[in-house]
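*Asks:* Sequence:
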Amino acid sequence: MSTARVAYPKTLPCDVVEDNNGSVVTVDCTERSLKDVPRGIPRDTTNLTLTINHIPKLNSTSFSGLDNLEEIDMRCNCVPIKIGPKDRMCTESVIIEENTFTSLRNLRALYLDGNQLYSIPKGLPQNLILLSLEVNHIYNISKVNLSEIRNIEMLYLSQNCYYRNPCNTSYAIEDGAFLQLNNLTLLCLKSNNLSFIPHQLPTSLKELYLYNNNIEVVTDEDFKNLTNLEILDISGNCPRCYNAPFPCNPCPNNSPLNISKTAFKMLTKLKTLRLHSNSLTCVQSEWFASTTELRELDLSSNFLARAIGVTDFPRFLGKLEELDLSFNYELQKYPQTLRLNCSFSSLKSLRILRLKGFVFQQLLPESIAPLKPLTNLEVVDLGTNFIKMTNLSILMELKSFKIISLSDNKISSPSDGLDGLGFSGGEPLNWSPMSAAAQYQSKEVREIHYFRYDEYARSCKYKDKELGTVTSFVNKNCSQFGKTLDVSRNNIFFLHSRFLNLGQLRCLNLSGNAMSQSLNGSEFTYLTNLQYLDFSNNRLDLLYSTAFQELKSLVILDISYNNHYFESEGLTHMLNFTRNLKNLKILLMNHNQISTSTNTELESESLERLEFRDNRLDVLWRDGYTRYFNYFKNLLNLTVLDISQNNLNFIPPEVFSGLPDKLSELYIKNNKLKDESFNWEKLQLLQSLQVLDLSGNSLTTVPPMLSICTKSLKKLLLHKNQIVKITPDFLKDAFNLKYLDLSYNHIQHIEKSSFPDDVVDKMDKLLLHNNRFLCTCNATWFVTWLNRTTVTIPRLATDVTCASPGAQRGHPVISVDLLACQHSYLSIVLYTLMTSLVLGFLTLSVSSHLFLWDVWYIYHFCRAKLKGYSRLYSQSSAYDAFVIYDKEDSAVTEWVMKEMCAHLEEGGDRRLTLCLEERDWIPGCPLIDNLSQSIHNSKRTVFILTSKYLKSGNFKTAFYMANQRLMDERNDVIVLIFLEKVPCNSKYLRLRKRLYRRSVLEWPTNPQAQLYFWFSLRSVLATESHKQYNSLFKETL
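Residue numbering for the sequence shown follows full-length UniProt numbering, starting at 1 and increasing by one per position.
Quick caveat, the hints were computed from the structure, so don't treat them as lab data.
It should be emphasised that the depicted structure is a prediction, and the values quoted were computed from it without experimental measurement.
Don't take every hint at face value.
[As the list claims (entries may be wrong)] Mimicking SDA-like on lysine to any residue, the simulated pairs with C-alpha atoms at most 25 angstroms apart in a straight line are: (1) Lys762 - Thr798; (2) Lys269 - Arg295; (3) Lys715 - Ser754; (4) Lys399 - Pro370; (5) Lys206 - Lys265.
Please construct the entire structure, taking both the sequences and the accompanying hints into account.
*Replies:* Right, dumping it as structure tokens:
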């Protein structure tokens, strides 16, 4: 497969891959938080995956134009609540409208698992051969439901009704519902609470899965017409519930699944039969009388511990290749040894035998005697049997073996035989380790598939199923060398050469045995052909530099997780034992917390790969301590060095010159390196370096120019750092770089010079997702470059997103609208102009409101200073008096209108003309203009005063303007009338009474005195003010 050459928009939030000739185009949109089928999918797409998204609805337009689709995988868009993630629970089922898929005439496979569908979608294409509807809410299967898919070959309807997806009703299947499916070869109805085996199944059926239901009886009629059946799985019916880590309901009285002796009589083509966890206590030979083609038989997790010693069913299974009898131990029993019936020697084709979890004390030669004639037997699993003693050499009698596992037992002592070991030959103990091993059992649940509810379940991320993946119980790198023995997780605390007299072995696993022996080079004397040794999870004491020296053929050595003695103070650690291993190529020393070493250098002429993770190089290389600067120098052929998780916050520059010359891959991830503590320039000394991994550190920047530091580098990983900025010339001339990972950093901006086209376009992959890009107009080049570059950028349309500004947060960078930035400079000018106008208008408005009079006064004052003073006289005053009063006070207003106007304008010998605001001011004219004109066009200005009005702003402004006439014209026009008691604390008022007493009047409280008040007011208004001043001050005015 290769990256797609077909045309598609880069905004497509999916990975597009095509095969070499372009006949298969796969679009993978898995886990992209989609809420709809994305636009821009290539028209040539043949396989479309929309798994783990949030698409709520499909209709006939969802796949329009995609006529070449052969497979649609849309699983897990609305997983039932008990199964799905708790942080985004789905409560409404996916809606699939009728005829959604009708136009897709090439569609052959449709996966709709985990969508909470309540029925089979209508309008499915006729060419469909695979339909999967697992983990939905489909409880009723009728002939009508299946009438549209008569050509279907594989139908999955499982897990629609079980404890994690309860249906609260009976699962109903109409008789003959499947009979119309003449091409059906696979039917899966597992985990549906079925209490019966459906009848009238099509004869074309080759695979039938009915496990984890509530079936109690298998009759002669159930499979009589399934003559083509090759795989039958009825496991988990009448289950063995002891120690089951899931809700488990056994049959009444813990009875076994009742299988008729002739139930399988017509299954002459059967190749796989699974009877796992059916509570079987015996195996009827008649079951296999007709199944002569059987290749795989699973009888695990039953109660067959006694039965296999007397049964003779193996003699009918001459072609059987795989037999699983694991976890058939008898409750509360701990027998002396394993007893296999001699009929097991009839399994001439047997390749794999699993006897895990049988529970017995000794493995004797007679225990495996029936297996010795089996010339094809390659794999024997005897793990988790709590075996205390065995002579490992007896296993060598199985001449064809490739893998033998004795892991998770209790083997402890070296022995050539079983004499004098303290075992009695009496009755078996009435105690079983399984019955009191709760803590151990929990471990089994995690690691051993026999205790999973569904070993073959399909996950949301992988659609392949029902294939039964075999989990290797030994390291694949180990078994590839040849004959393998796994005695891991036992109680072997001491090694003797006689214990390991196994010269044929190529791979040996001794991990997890808590061995604290000081190895001196004599323990593995007989293992002359051993090439892989796993000594991890022990307590290795490297007191002698001769350790492991007898293993002349050793290629891989794993001594990880041996930190016990390395964490103790003052001990000798001879780590130069590697010089004696002339063929050693890979050495694993991870998780040992090595902080001291007796020798200052490791030595090897053959070692190619060294893993030194999770140790304490920060102590060995501490500043000022130079002993270990050349620690790896003499590993002459070393090409790969991993020193991750060594707590390094500083690497001395001298260390780089102490690294091997042939080093091509250097891993320094998950340390504490910062910019000032990692010397990029020193990479020049590593002229063969091709891969550098600095991920998971605290770097905030990249080197100014990578090509100056190293020209050979092809792969650079810098993810999960704190990089904020990419230097301008970062990738200049870095022509050899093919892979760059900058994901999960804090990058905000990338300049054009940082990613030159002549370098980046030749790269295979560039990772930029999960950064903090700033999507302003300054990022125009970056957005344009993302849209036109040819380099592969994974998750470009979904995870390369904007962090700011707020309106763009979470939006894909590649989709930023560049049109908004095309006229950016004009926008800035217009913005500045409009802002200036608005601010100017606001300033002018506020200033005119607060300081207009002051400005007017200063203007005229300055003008008078410049041009000289000239007195302004009006030709004639329009009014005798301008009356100013509090018009908001109704009592005052009424007094002015009814009393004052009546006496002054309508009564008396000479009628006076008054100027009133409510009557004589010009509407629409500014207040200040009306006020100024009224004062200047009137001979006198009369103030009608109350205590409230004295505090108002209107009074102060008018009084200030009237008083200004005294300053400008030397004409005192002010007359004060107090309607309330005159305040006595005013200095101005006392001074005015002294100078011009008649201009200050009070409304009398005695009605008899009102006539005198109006006479006095008329006199003041009719007489010029300067004539009424006190004679002592006339000259001053």
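*Asks:* Mind listing which of the numbered hints don't hold for this structure, in increasing order?
*Replies:* Of the numbered hints, all hold.
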